[in-house]
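Engineer: Keeping their order, the protein sequence lines are chains V and C.
In this text, residue positions in the first sequence follow the numbering used here: the first is 1, and each later residue adds one.
In this text, residue positions in the second sequence follow the numbering used here: the first is 1, and each later residue adds one.
Any given hint could turn out to be false.
Derived pair list, reagent style DSS-like, types lysine-lysine, alpha-carbon separation capped at 25 Å [to be verified]: (1) C:125 <-> V:18; (2) V:3 <-> V:136; (3) C:70 <-> V:86.
Please keep in mind that the hints were generated in silico from the structure rather than gathered at the bench.
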Amino acid sequence: MIKDSELDALIICKKCHKLHKVEQLKHGEIATCSLCNTVLYSCDQDIIKKGLALSIASLIFLFLTNLFPLVQVDFLGSEQYVTITKTIITLSHEGFWFVALMVASLIFVSPIIIISLYITLFMLIYLKRNKDAARKMLILLGYILPWHMSDIFLISILVALVKLIGFVQINMGVAFFSLLVFVIINLYITRAMPMHTLWFQYQKNFKDEKDD
Amino acid sequence: MIKMDDVSNLIRCPLCEAVNYDRGMQTRCRRCHSSLYAYKYFKNEKTIAFLITAIIAYIPANIYPMMITKNFGHETSSTIIGGVILLWEHGSYPISLIIFFASIFVPIVKFVILLYLFINARYPKEEMSNSTKKSMFYLAEIIGPWSMIDVFVVAILASLIHLQSIQIIAGDAATAFALSVFFTLLAAQSFDISSIEKHKRGIRDESRDSNTK
Numbered sequence: 001m002i003k004d005s006e007l008d009a010l011i012i013c014k015k016c017h018k019l020h021k022v023e024q025l026k027h028g029e030i031a032t033c034s035l036c037n038t039v040l041y042s043c044d045q046d047i048i049k050k051g052l053a054l055s056i057a058s059l060i061f062l063f064l065t066n067l068f069p070l071v072q073v074d075f076l077g078s079e080q081y082v083t084i085t086k087t088i089i090t091l092s093h094e095g096f097w098f099v100a101l102m103v104a105s106l107i108f109v110s111p112i113i114i115i116s117l118y119i120t121l122f123m124l125i126y127l128k129r130n131k132d133a134a135r136k137m138l139i140l141l142g143y144i145l146p147w148h149m150s151d152i153f154l155i156s157i158l159v160a161l162v163k164l165i166g167f168v169q170i171n172m173g174v175a176f177f178s179l180l181v182f183v184i185i186n187l188y189i190t191r192a193m194p195m196h197t198l199w200f201q202y203q204k205n206f207k208d209e210k211d212d
Numbered sequence: 001m002i003k004m005d006d007v008s009n010l011i012r013c014p015l016c017e018a019v020n021y022d023r024g025m026q027t028r029c030r031r032c033h034s035s036l037y038a039y040k041y042f043k044n045e046k047t048i049a050f051l052i053t054a055i056i057a058y059i060p061a062n063i064y065p066m067m068i069t070k071n072f073g074h075e076t077s078s079t080i081i082g083g084v085i086l087l088w089e090h091g092s093y094p095i096s097l098i099i100f101f102a103s104i105f106v107p108i109v110k111f112v113i114l115l116y117l118f119i120n121a122r123y124p125k126e127e128m129s130n131s132t133k134k135s136m137f138y139l140a141e142i143i144g145p146w147s148m149i150d151v152f153v154v155a156i157l158a159s160l161i162h163l164q165s166i167q168i169i170a171g172d173a174a175t176a177f178a179l180s181v182f183f184t185l186l187a188a189q190s191f192d193i194s195s196i197e198k199h200k201r202g203i204r205d206e207s208r209d210s211n212t213k
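Using the sequences and the hints given, assemble the complete structure.
Structural biologist: In C-alpha cells, the structure reads:
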C-alpha cells in the first residue's frame, strides 16, 4: 500500500492522465507534462496574497457587472438597455423558465458564489484558521467551478451585437467593460490557481494541525 | 519507494485532482472524501442515460424555431440551421461560423466522443491509445460549455430588442437546446475516465475490493 505522503508527491496530467512526480520548483518556474506539454503546476510563493487581492478586485467588478446596463440600443428614437438581471427576468416572463433558471445559475449565481468562496478561502488559508471550513469550501468550489460561464456570456454579447449591426445604434454600457475585466481576472485566477494548487496550499498551510 | 506495479493503480480524483490509490469500487478520495466509484453495478450507466436525454432534447432544438422576429407585425422565425444559413447569406461569415461551431459542431462532436468512449469502455477494441482517448474526453469536456453561446445570444436579443416596431422573442428550441447542453454537461461530468483503460483487467475484480480495509 502506498502512503498518503507518497501520493502527495505525485500528480496526474489533466489532459492525458500521465503520472508525474512533483519536483520542487523555484519561484516563477512552471512544470509541464512530458507527454502533451500541458501546464501541470507552477511555483509562486505569494500565490495566496495574489489570489486574495485578485478575487477582491473581481468582486468589485462583479458588482458593477450586475448593477449597470451591459448594452444600450437606439432604434428610431426608442431606447432599450439590457442588464444581466433583466435578461433573466425577460426570459422567465416569456415562459422560458428553464432557460431563465439555467442562465441565472450560470452567469449570476455561480460567479457570486465562486468569488465569495475564493475570498473566504484565501483569507482562511492566509490566516491559517478554521481548517475544516476551508476543506468544505474547497470541495464546494470543485463542484461549482464547471458551472461558471461568464466568459462564454461575454462572447455571446459580442455575437449578439454583431448580429444587430446595421439595424440599431449600439452603445456599450459600463457593465460590459467590467464584465470584460472580471472575465480576464477570473481566467487568470483559474489558470494560476487550479484545484490542485489550492489543495496543495491548503495542505501546506494547515500541516501543523492534525487531521480531524 | 513506489513499485511500478502500484503505479498502474493510481487514479485522479475528478473533484480535487489528488492522486489516489485505486481500491476498487469503494474508493473514496483521501483528500476530499468524494466517492470515486459511486456506481458499483451501474458503470457509466448514468453517463449514457444523460447522453441519450441530451440527444433526444437536441432533436426538437433543431426542429422548432430558436428565435422569432416580429418586424412591424410581420413574423419570421428561424431555426438554428436556418439562422446560420441566413447569416452566411447576409455576409457575416465569422458570426455564422461561430454559431455553427457552437450549436451544431460542438454538441455533435460531444455526442460522438462520449458515445464512442462509452461503447469502447464496454466492448474494448484497441484502435486508439489510451492517452488519445483521454485527450478526446478532455476535448469534449473543454468545448462542451461553448454550445451555450446560442442560448445566451437569444436571451440577450430577446431582452434587448423589445421595441414597439421590432421585437425578438425566444423560440421553443431555446428550452430544448438548453436542456440538451445541460444534460451533455452532466454526462461528461459523470463519465468515469478510469474506465477507459480499466477494461484491460476485465471487470474490476471483487477479490481486491473485499481486501480493502
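Engineer: For a C-alpha distance cap of 25 Å, please report whether residue 3 of chain V and residue 136 of chain V respect it.
Structural biologist: 23 Å, holds
Engineer: Decide if the proposed pair is consistent with the structure: residue 125 of chain C and residue 18 of chain V, CA atoms, cutoff 25 Å inclusive.
Structural biologist: Within the cut-off at roughly 21 Å; holds.
Engineer: Are the Cα atoms of residue 70 of chain C and residue 86 of chain V separated by 25 Å or less?
Structural biologist: 20 Å, holds
The structure is consistent with each of the numbered hints, conforming to all of them.
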